[in-house]
Amino acid sequence: MQSRKLLLAATLTLGALSLTACGQGLGSGSTADGSGPITIGMVVPLSGSSSAIGPYMQNGAQLAVNEINADGGIDGRDVKLEVADGACDPKTAVAAANKLVSSDIAASVGGYCSGATLPTLPVFAKQDIPMIIPAANSTQLVEQKLPNVFLINGTGAQQAQAAMKWFDKEGASAVSLVDDNTSYSVDIADKTAALLKESGGPDLAGRVSVTAGESDYSANVNAIITSHPDFVYWTGYYQEGGLIIRQLRQAGYQGPIMVGDGSVDGSLVQIAGEKQAQGVFATMTQTPDTLTNASGWIADYKKAFGADPGPFSTQSYDAVRVAAKAIEDAGSTDGKKMISALEALKDFHLFSGPLTFTPEHTLSSGGFVILKVKGTKFELEDDLS
Amino acid sequence: MSQLIWNGLFVGSFYGLVALGYSMVYGIIKLLNFAHGDIYMLGAFGGFAVLGLLGGVIGTTSFVALLIVLVIAMLLTGAFGVLLERVAYRPLRGAPRLSILITAVGASFAIEYGVRLVAGPNPRVYPLRIGGESIDVLGARITWEQVALIGIAFALMIGLNLYILRTSEGRAMRAIALDPKASLLMGINVDRVISRVFFLGSALAGAAGVMAGAYYGKIDFLMGFVIGLKAFTAAVIGGIGNFPGAMLGGLLLGLLESFGTQWLGGEWRDVFTFAVLILLLSVRPTGLLGERVTERV
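Chains as they are written, first to last, in full-length UniProt numbering: chain A, 1 to 385; chain B, 1 to 297.
No lab work stands behind these hints, which were simulated from the structure alone. We put the beta carbon where it would ideally sit given N, CA and C, even for glycine. Treat the hints loosely; a few may be bogus.
Unchecked claim - Ranges between beta-carbon positions, derived for each pair:
(1) P119/A x V271/B: 36 to 46 Å
(2) A119/B x N293/A: 30 to 40 Å
(3) I135/B x G279/A: 42 to 52 Å
(4) I102/B x S364/A: 53 to 63 Å
(5) K377/A x G265/B: 51 to 61 Å
Said to hold, decoys possible - One side of the interface only, derived from the structure: several residues of chain B facing chain A at Cβ under 8 Å:
(6) M1
(7) S2
(8) L4
(9) L9
(10) E169
(11) A212
(12) K218
(13) E257
(14) T261
(15) Q262
(16) G266
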């Protein structure tokens with residue numbers, strides 16, 4: 001239903017973009033010929049349901065760009081960040097990716113919603129543009145086996161393993177999984193369900209899928225409760241997550257609740273209500289708040305943007321640095337050379353630990369931790385090491 | 001089982017309240033007002049703004065505060081509905097029906113992204129939250145707030161029904177629904193009556209928006225889209241243009257969703273709901289309470 005309306009919007013955007021793209025194509029073909037600034041592209045949600053995240057990622061990437069330029073750029077060339085709005089919607093994201101490709105970017109460092117990032121893969125792959133994806137982490141992204149796709153966030157499978165560890169530590173015996181039918185969310189739920197079905201650990205009490213964008217989830221909540229879980233794991237985003245936590249508590253569920261990394265945002269607590277959200281766990285990659293050695297970085301970020309960093313600010317910052325490193329190592333902005341340089345990368349220092357890509361182009365170590373809501377914020381509960 | 005029925009009725013009363021506005025506007029000028037769901041969203045944001053302005057004055061007595069905010073938001077959205085009709089629909093009254101339908105879709109976009117410009121794309125959280133202790137009735141958990149919200153919804157619906165059936169303005173509305181030209185000849189100020197219909201329908205949607213904001217807590221600029229479609233569906237089930245039908249359709253839709261989720265799982269809910277609706281409409285094409293009218297064209 002919503003898609004029809006979005007299709008209209010996407011068509012209009014495409015029309016508008018094709019006009020602007022012509023203008024840019026003529027003026028800025030500089031990346032390829034080795035002079036002028038190197039452009040790095042980024043598709044993030046600046047509108048739509050996940051629009052809170054886009055600015056965090058954009059600022060994180062911009063901070064890295066500023067630092068690189070202050071140090072004299074890459075081989076004397078400045079770096080320029082070009083951001084396009086993907087709106088967490090497949091059609092808008094493809095339009096945005098096409099726009100970036102036409103402005104001749106050397107690498108892509110965006111990607112938040114997996115469902116919107118998936119269809120942009122072939123757009124970049126056709127031009128051999130390396131994608132260093134900072135946030136989206138559905139296993140489907142790398143299952144396409146495209147040579148240009150690299151994930152610097154843990155995958156759904158790694159997140160499911162972290163969740164499993166925590167179920168065991170907390171002594172859960174019956175876990176209900178709730179997803180929102182998007183690629184990212186279903187991926188984590190599938191992988192977790194597979195682990196739960198293996199003998200030994202807690203059982204899979206039930207699986208519920210909700211439709212995103214609604215307000216009333218009482219029917220879904222009722223289905224969760226009648227499966228009698230003693231642990232509920234929500235794998236979707238924070239907007240629905242907040243509502244579901246609140247409605248679960250109102251319906252009388254008192255057991256522990258855990259959310260995936262897409263739900264880690266202060267808004268989750270606001271929407272659920274502070275009382276209802278207390279003690280909610282989350283599986284999450286390292287954020288600035290949970291890192292012990294990031295205070296200098298946080299201060300830099302605050303100084304540059306006048307606001308606190310948020311989820312995926314660090315990963316986006318890292319993505320730009322990885323891209324810059326690849327251009328340096330390859331000695332050019334040629335896509336194929338950069339891809340080989342990325343594959344050869346060894347123990348490059350990231351916030352989440354040393355980076356070496358596996359043959360599947362994912363992190364060799366996942367770096368997931370468990371957070372817990374205390375007051376209005378997520379705080380580190382366990383580093384799972 | 002009783003929990004399923006209660007959940008369905010609660011959601012359904014929201015659908016019904018919004019569906020009334022659809023039905024009224026369609027009944028009188030044969031326009032599917034696709035911007036109606038966005039008026040619901042405007043109501044929620046209007047209430048949010050009013051709460052922000054009144055701030056500390058009414059912080060403690062939450063239910064009284066909700067009623068005050070509700071009335072103010074209803075007046076605001078009602079006035080906006082009148083404005084919308086005057087600006088977007090009245091200039092096109094003689095135009096083909098398709099043009100005015102497209103205008104309604106355009107108005108919907110304009111409202112959504114207008115609100116986005118003012119309030120930003122991020123969801124907002126209502127400062128006034130209701131929802132609290134629950135009681136057990138026949139095995140269903142029911143909160144007093146839910147009872148109160150359903151009570152308000154039904155009071156508004158019944159009030160509207162009385163207004164339309166018992167007053168001379170209501171009679172004028174029914175007359176225009178039958179034949180606008182003849183009504184004009186009989187000395188009815190058609191424009192004024194249509195404005196009034198927009199006022200009433202929009203005020204009801206605004207009330208539903210405030211109630212949803214206060215109950216669920218989260219509002220965002222796209223929240224009107226889904227409920228707009230659902231309410232439209234409810235109006236069609238009940239027989240579009242028929243007021244008790246809109247309420248009945250809303251309740252039925254709520255119940256179908258509730259049972260569909262329980263029986264088949266959340267991902268099958270809409271499939272189940274709309275399959276039942278297709279069946280129902282193929283048996284009774286005019287909706288549950290709709291009358292078969294001979295097409296005048």
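Results for each hint:
The given range of 36 to 46 Å is broken by P119/A and V271/B, whose C-beta atoms sit roughly 24 Å from each other. Restraint check, A119/B to N293/A: a C-beta distance of roughly 38 Å satisfies the suggested window 30 to 40 Å. One distance hint, 42 to 52 Å for the beta-carbon pair I135/B and G279/A, is violated here, with the actual separation near 25 Å. At roughly 54 Å, the beta-carbon separation of I102/B and S364/A lies within the given 53 to 63 Å, and the hint holds.
Between K377/A and G265/B the beta carbons are some 34 Å apart, a value that contradicts the proposed interval 51 to 61 Å. Violation of the interface hint for M1/B is found here, the shortest Cβ-Cβ separation to chain A being roughly 10 Å, above the 8 Å cut-off. Hint on S2/B is violated. Least Cβ distance to chain A is approximately 11 Å, over the 8 Å limit. For the restraint placing L4/B at the interface with chain A, the shortest Cβ-Cβ distance is roughly 7 Å, inside the 8 Å limit, so the hint holds.
Hint status for L9/B: violated, given a least beta-carbon distance of 11 Å to chain A, over 8 Å. At a threshold of 8 Å, the smallest CB-CB gap from E169/B to chain A is about 33 Å, leaving the interface hint violated. A least Cβ separation of about 6 Å between A212/B and chain A falls short of the 8 Å threshold, and the interface hint therefore holds. Satisfaction of the interface hint for K218/B is found here, the shortest Cβ-Cβ separation to chain A being roughly 5 Å, below the 8 Å cut-off.
About 6 Å separates the beta-carbon of E257/B from the nearest beta-carbon of chain A, less than 8 Å, and the hint is met. The beta carbon of T261/B is positioned within 8 Å of a beta carbon in chain A (closest approach about 4 Å), and the interface hint is therefore held. Because the smallest distance between the Cβ of Q262/B and any Cβ of chain A comes to about 6 Å, under 8 Å, the interface hint for this residue holds. The beta carbon of G266/B comes within 4 Å of a beta carbon in chain A, closer than 8 Å, and the hint placing it at the interface holds.
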